Amino acid sequence: METRALHEAAQYDRLGCVQYLLSYGAQMDSLKRADWTPLMLACTKSNLSIIQALLDSGADQTLRNKDGWNCFHIATREGHEDILDFLHSKNSEVWDTCSKNGRSPLHTAALHGCTSVFRFLLKNCTYPVDQKDSCGSTPLMDALRSGHTDIAMLLLDIQKADVTSEDNVGYQALHQACQAGCIESVRFLIDDISLSPDTVSSRGFTPLLVASKEGQTDTEGQTDTVRFLLSAGADVNHTDTMGRTALHIASGGQHADTVRLLLEHGAKMLNDKTGTAPDKLARKDIVKDVFKSHGKIT
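Heads up: the sequence shown begins at 875 in the numbering used here, then just goes up one per residue.
The reader is advised that the hints may include incorrect statements.
[What the hints assert, rightly or not] Straight line, CA to CA, 16 Å or less: simulated EDC-like cross-link-like pairs of lysine to aspartate or glutamate:
1. K919 x E955
2. K1006 x D1036
3. K1166 x D1153
4. K1034 x D1024
5. K1142 x D1114
6. K1006 x D970
7. K919 x E952
8. K919 x D887
9. K1170 x E1138
10. K997 x D959
11. K997 x E955
12. K1170 x D1153
13. K940 x D909
14. K940 x D903
15. K1087 x D1114
16. K1166 x E1138
17. K997 x D956
18. K1142 x D1153
19. K997 x E967
20. K1162 x D1131
21. K1087 x D1098
22. K906 x D941
23. K997 x D970
24. K1147 x D1131
25. K919 x D959
26. K1006 x D1031
27. K919 x D956
28. K1087 x D1131
29. K919 x E882
30. K964 x D930
31. K974 x D941
32. K964 x D934
33. K1166 x D1131
34. K974 x D909
35. K997 x D1031
36. K906 x E882
[As the list claims (entries may be wrong)] For each label pair, taking beta carbons as the anchor points, the in silico distance ranges come out as:
37. G899 x G942: 28 to 38 Å
38. M1027 x D1163: 36 to 46 Å
39. P1002 x D1159: 42 to 52 Å
These are calculated hints, taken from the structure and not from any lab test.
These numbers were taken from a predicted model, which means no experiment stands behind them.
Just so it is clear, CB atoms sit at the ideal spot from N, CA and C, and this is done for glycine as well.
Between the sequences and the hints, there should be enough to build the whole structure, so can you do that?
What follows is the structure in structure tokens.
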């Protein structure tokens, strides 16, 4: 009963209850609910006094939950710079941790976009800037996939992150941004970092091929990714290793708006290496009608 009560008190900011339970010998490192300790739960909040009380009673910062997250990693996700600073002051090695899928707190900070926390990690910790998780994603990829271009600039300008690093699928940061339909990041990489809109990965992917696969068209009034890539000079007829163009990819994905956009920008009815033309991949009538309206039926 004391164990569960300490978890609840720590999670819901009940400092008096925490102090009372600790004074009666409650176990501060006991586990519950997916192996979370009271300290881990406290780190999801911003009550530094509770965290201090637990640490003063001997709570172990290095314990991890079932996903491999310790208290420092959890505080990073929540964006609590003051808590990170306090934890680090108590154990200067607590930052050196990874989740079971290989993600460091630097990955997490990049994904969630808290710039102050990210700067703290860069200043006080020594994470490999291009460290990959189990999917091959780097912190730079995480930042750009989520539209956090300010963090991406820190990684590129100060940390010299490798913008050409590839994940397990063969996508670079630009390809990942296109996959996510994150136009802010795509613009940033092409306009500000001067990447080519035809950047080819080791597996033959271009940004346009990736964006066409995802069917990235107008969303909430934003300029769509495919349109931007085309306006930036992307080769509409570039082929992958199978001879497929963006038109093949969009047609096979049944993305009618993307097919229309590609045709309007001069996409040709090329056969891939199997001899298949783009219109032959259309299954939905709405996609077939786009080809018909442009006189593109083979």
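Results of checking the hints against the structure:
1. K919 x E955: holds (12 Å)
2. K1006 x D1036: Satisfied, since the Cα-Cα distance of roughly 12 Å is no more than 16 Å.
3. K1166 x D1153: Given pair K1166, D1153 holds - Cα atoms ~9 Å apart, limit 16 Å.
4. K1034 x D1024: With Cα atoms ~14 Å apart, K1034 and D1024 stay inside 16 Å; holds.
5. K1142 x D1114: Judged against 16 Å, a Cα distance of about 15 Å means the pair holds.
6. K1006 x D970: This hinted pair holds, its Cα atoms lying about 15 Å apart.
7. K919 x E952: The given pair, whose Cα atoms are some 8 Å apart, holds under the 16 Å limit.
8. K919 x D887: holds (8 Å)
9. K1170 x E1138: It holds: about 11 Å lies between the C-alpha atoms, which stays within 16 Å.
10. K997 x D959: holds (11 Å)
11. K997 x E955: holds (12 Å)
12. K1170 x D1153: With a Cα-Cα distance of about 7 Å, the restraint between K1170 and D1153 holds, given a limit of 16 Å.
13. K940 x D909: Answer holds: K940 to D909 is near 6 Å, not above 16 Å.
14. K940 x D903: holds (14 Å)
15. K1087 x D1114: holds (12 Å)
16. K1166 x E1138: With Cα atoms ~13 Å apart, K1166 and E1138 stay inside 16 Å; holds.
17. K997 x D956: holds (14 Å)
18. K1142 x D1153: holds (11 Å)
19. K997 x E967: Given that 16 Å is the threshold and the Cα spacing comes to 14 Å, the pair holds.
20. K1162 x D1131: holds (12 Å)
21. K1087 x D1098: The hint holds at about 13 Å.
22. K906 x D941: Distance ~14 Å between K906 and D941 Cα, so the pair holds.
23. K997 x D970: holds (14 Å)
24. K1147 x D1131: violated (25 Å)
25. K919 x D959: holds (15 Å)
26. K1006 x D1031: violated (19 Å)
27. K919 x D956: Given that 16 Å is the threshold and the Cα spacing comes to 11 Å, the pair holds.
28. K1087 x D1131: holds (12 Å)
29. K919 x E882: Measuring from Cα to Cα gives roughly 12 Å; hence the hint holds.
30. K964 x D930: Given that 16 Å is the threshold and the Cα spacing comes to 10 Å, the pair holds.
31. K974 x D941: holds (6 Å)
32. K964 x D934: holds (11 Å)
33. K1166 x D1131: holds (14 Å)
34. K974 x D909: Given that 16 Å is the threshold and the Cα spacing comes to 14 Å, the pair holds.
35. K997 x D1031: holds (15 Å)
36. K906 x E882: holds (11 Å)
37. G899 x G942: 28 to 38 Å: holds (29 Å)
38. M1027 x D1163: 36 to 46 Å: Distance hint for M1027, D1163 holds at roughly 44 Å.
39. P1002 x D1159: 42 to 52 Å: holds (51 Å)
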